[in-house]
Amino acid sequence: MVQFINLTLGGLSAGAVYAAIALALVLIWRATRIVNFAQGGMLMITTFLAFTVVSDGGSYWLALAVAIVAGLVLGAVVERLLIRPVENKPQLNAVVVTFGLLVLLQGIAGMIFGGTPRSYPPAFGIQGFQIGGGRRLLFAPNDLWVFLVVLAVMVVLAVVFRRTSLGLRMRSAAFAPEVARLLGVRVGRMFTVGWALAAAVGALAGVLIAPDTFVSPNAFDSTLVFGFTAAVIGGLDSPPGAVVGGISLGIVLGWVSGYLGSDIVNLGALVVLVLVLMIRPNGLFGHAAGRRV
Amino acid sequence: MTATIPKTRQLIDKASLANRPRSTLLRHLIWAVLGGAVLYVISISISQFQDFELAQICYTAIAAAGLTVLSGLSGQISLGNGAFMAVGAYATALLLEHNEQWPLALVLVISVAVSAAVGLLVGAAAARLRGPYLAGVTLALALGLPTLADYHGLQNQLGGNNGITVAPSPPPLSLGDTFPLERWQAWITGLCLVITLFLLANLVTSRVGRDMRLLREDEDAAALSGVRVARTQVLAFTVSAACAGLGGALLAWVNSLAAPGAFPLTLSLSLLTAIVLGGLGSLAGAVYGSVIVTLLPTWSTDLAQSANLPRTIYANIPLVLYGVVLFLVVVLFPGGIQGGLVRLWRALHITIR
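Protein sequence lines correspond, in order, to chains V and R.
Going letter by letter, the first sequence gives residues 1 to 293 in my numbering.
Going letter by letter, the second sequence gives residues 1001 to 1353 in my numbering.
Worth flagging that the hints you see were computed from the coordinates, not collected in a lab.
Check before you lean on any hint, since a few could be wrong.
[As the list claims (entries may be wrong)] Computed list of chain V residues with no C-beta within reach of chain R, every gap over 12 Å:
id	residue
1	Ser-55
2	Gln-127
3	Leu-157
4	Arg-162
5	Arg-171
6	Gly-188
[What the hints assert, rightly or not] Here are some, though not all, of the chain V residues that point toward chain R, as calculated from beta-carbon distances under 7 Å:
id	residue
7	Gly-100
8	Met-111
9	Asp-263
[Said to hold, decoys possible] Partner residues are not named here, just some residues of chain V that face chain R (Cβ under 10 Å, in silico):
id	residue
10	Gln-91
11	Leu-102
12	Asp-212
13	Pro-239
14	Gly-258
15	Leu-260
16	Val-271
Just so you know, even glycine gets a beta-carbon here, dropped at the ideal spot from N, CA and C.
For reference, chain R alone in the conformation it holds in the complex (with noise of 0.2 Å):
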């Protein structure tokens, strides 16, 4: 009985493997265009605000991402990865408000750079470090880094509590007068979160992506067979950072804002929960986790308000879900959201079989 079943795995994924295109490349940029599609198709059939909405949750995503793949494919946990959204959010902030002619995709490459290159010291520190000693650092890191707004060497240059204003750039006028800011903002996002999870794929399927998987099961086997540890952790450190550093500038670009409250420890925490409930180490779990993080404290709003519930409650009904989901993914269902639909997908091929 054991012994059939990966048998029939085989003969399962031999059979998908044979509908499928050769190249992983073309694989990926056939995903990338039919993701981009879709996102186009939402975004016209959805009213602003839920625009506004798709927007938070690409952003979400794009930082999501970069989380799964260090804490998923390179085994190393980050606590911290919202303050790297922070990094990113300032630099946009201050690149914005003293070059307000600049494109935006020059800006959003040099927070990414900025960004990585906090992740790549950061990382450099940290590739000493294991588990827990690593998750304590990176929690000293969400919390101590947004506070430097507030210090009052630089209260002048970044704005202290209230943070710094990003003028909103409107739409290009070849979109016509009456296009919504909020559209133009979800398609910005939306096509920053293609190419993100475009280049993850391709990472994540090269050699540089086994060598993190090897690492993650086993450090030593890892650097027997020639794996560089700490070249490769740092990598997977500053490539998450590069990561959440785009989706900390898209926040502060989509919200007109970057502010230390923009960037509580929550938002690391809801990072950790959207890439656990969505299935550690895959991006496609990361996406599903970052739309249910993006979209529960709306939701438990909606819910509480139509049962008259105080305020103190339904603002902290999504912190009690992250807790309790976070529990009970760990424990019972390890492989989240894209462990469940993987194992769906092989039942639907056995019985049709």
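Okay, chain V solo, but in the shape it has when bound (with noise of 0.2 Å):
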């Protein structure tokens, strides 16, 4: 009993996580209707940037600041460079762009930090709250703070989303480009926005992750096809479902690691992604409408 609560307990915490990679591929699929399969490389090379401060002898907290700005950047750029082009063109060309994207960065990483995994430090302690008897819990102090963070993220999302204008605007460009146009949104830039608030949001997991995963350059492959099921599972378009999506994978991979074995956790998304496809194509979230591809 004491290991299922463990590794249910352990499970929300990497949940967490998956729901922010999942929120960040959500929020790229709704401005622009591209999976981007290059943001298990975007969060690699933040996180590079954010050991790089850490081994610097930077804090914790200047090293989450600068991958998060620097996230926002990169997340500007590759749209406006690499992904501009190939909007509104056929999903073959988004999808080989983005995953050419992958590779070109874990190239990048490979020639400048080279193929070594490095270790990156906690943010809180990863001893696990006591429990009666002097026994532990596989929960700490850490994985509370990041499944407080990615809470919050959340949150301040949802306000951005529906409380402000920019909110409205992004919201309006995403629903339908032509008239947001005609009403005075620039789409483009929103477009832009977008894709550097997801690329924010999935810096911000994979400094948090990082302690887990190690950082090297294709540390993140297993995060990104974690994220990708996570947003499945919520329907790809629902920012909740994507959170939910991410907490159950994560709880129901806790529980592959703990009883079948941790060498086939990755087998275990590939299962979960097909049955969740084979029974509820839309996800759980999702609406039921008609093929978009």
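Using the hints, put the two standalone chains together into the complex.
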């Protein structure tokens, strides 16, 4: 029983990170109808920057800030330079370009930082909370922090999208670009902002999960797949769905790794993904819309 | 001005059609024999190491040709055909481990059947998926399936991270004692490539191939005109998985090893790069692309070593180039190499006339 609780709790904090990555994917999907397969590579680059700050003696918080700002910039630059030419083109083009960007970033990181995984410090303690009888839960202050941060980000994003003029403009640009343009919304700029925001959320997720995955050019490949799976569980265009999807995926994968073996977590994600898509192709929170693609 | 261009093209097409055999099958047979002859001449005029590279090119091209049928022809994108290569490789390794006496052809046929079966399963699950959803599933497949080898319950059978060693089958004695193993490997993989391309070329020009193209252009129109959408998509997936399986089986046989490390995400990526660079949907393009993608790591290593660059730099040059090439081709040269050649050919025709 204790093991079950522990695995569930462990899955909770991992799931929060998947939720953040899923959020980033959902933001981009909503804005430009593109699945950003480069997300894993972009957050890898920003996490490497944070790692550089930390290993040069900077504080955890400075590194986090650097990663998020770098994410904002990287997201905007990527959208303007690489994604703009494939927007409103066949889906294949965007998939190929974002996948290409993923390896391009991995190659660049490999050239600069090499292939050895580096360890990354957690924000808070990683020793579990104590429960009665000297036993410890597999849930540490750092896990609580990860969980709370992701919740906070979700709330902030919800407020931005629902309560601010920027959010309204972004939603209108995604929902009806032509009408929005006629009403004076700079649609292209909104897409850029969407990508920048998404990349910043991704950068945050990278720093949060780095203590577990370590930092190396392809350390975040599986994280990307988990984030994608979480986003698909949530329906790919619903931010609350992404969060629920991420956390439930984290818990399921926690059970898989605890009861079946940690070697096949990737396979577990594949099975979950296929099952969800077969049972509810629009995700748990998706709107039952006609096929868009 | 604009009206004259299609007219000229029609003339050219008629002119070139007149010079070639009427029967598609015969034409493909002639190409296959020519291709086989070219491969033979190349294989006997290069060094042993280059023969090994030729074998690598051939098995990569087999997998790439399958992928180009799937992505270029039927419009489904797969980021995970490396996983099917792993299936083929492990099938071959396991079969050869337990049945050393079996002829290679039989082992290859069974491996292809096994990967086709896995492809059928995945394809059936994926038939409802489009565009980025399918890409995501296949990406998960590429990352998930090879980890099965490391699963503690299967480690004894699949050899964990070290993989399974495949005993190299020596060339037949009738070729002489000193006949290099690499050349034999190049011959076998080359033969498999020619057969695969011949079969795929016929598939592409058949009714099924036409259905696939229709499906890619407009799914609703295809369904309305009687194409069985799901069945055709699953078929395309199965064919591409079978080709990837053959490529993987030969990869294990040529390198004498089937291990998870041989099937990283980069492998699926290099297949994708090969078909996009060569020209999406073109079998010839898949071959050009495979040549470049296979030789690129060697070239960049040579180049970097002559410039005294550290290993971390040159080991990553191919990755960077894949990324750049994918972007440039998709945005600026959608036809890839084959598209360029076709345009060049037409331009030449017009100037000659």
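Hints, one by one, checked against the model:
1. Ser-55: holds (17 Å)
2. Gln-127: The claim holds: Gln-127 (chain V) sits with its nearest Cβ about 27 Å from chain R, beyond 12 Å.
3. Leu-157: With a cut-off of 12 Å, Leu-157 (chain V) remains clear of chain R, as the shortest Cβ separation is near 22 Å.
4. Arg-162: Label holds. Min Cβ-Cβ 26 Å, cutoff 12 Å.
5. Arg-171: Holds, since 21 Å exceeds 12 Å.
6. Gly-188: Holds, since 17 Å exceeds 12 Å.
7. Gly-100: Holds - the Cβ of Gly-100 (chain V) comes within 7 Å of chain R, reaching about 3 Å at its closest.
8. Met-111: holds (5 Å)
9. Asp-263: holds (5 Å)
10. Gln-91: Holds - the Cβ of Gln-91 (chain V) comes within 10 Å of chain R, reaching about 4 Å at its closest.
11. Leu-102: Cβ of Leu-102 (chain V) sits 8 Å from chain R, so the hint holds.
12. Asp-212: Cβ of Asp-212 (chain V) sits 17 Å from chain R, so the hint is violated.
13. Pro-239: With Cβ-Cβ at 18 Å, over 10 Å, it is violated.
14. Gly-258: violated (13 Å)
15. Leu-260: holds (8 Å)
16. Val-271: holds (8 Å)
Checked against the numbered hints given earlier, this structure breaks hints 12, 13, 14; the rest are met.
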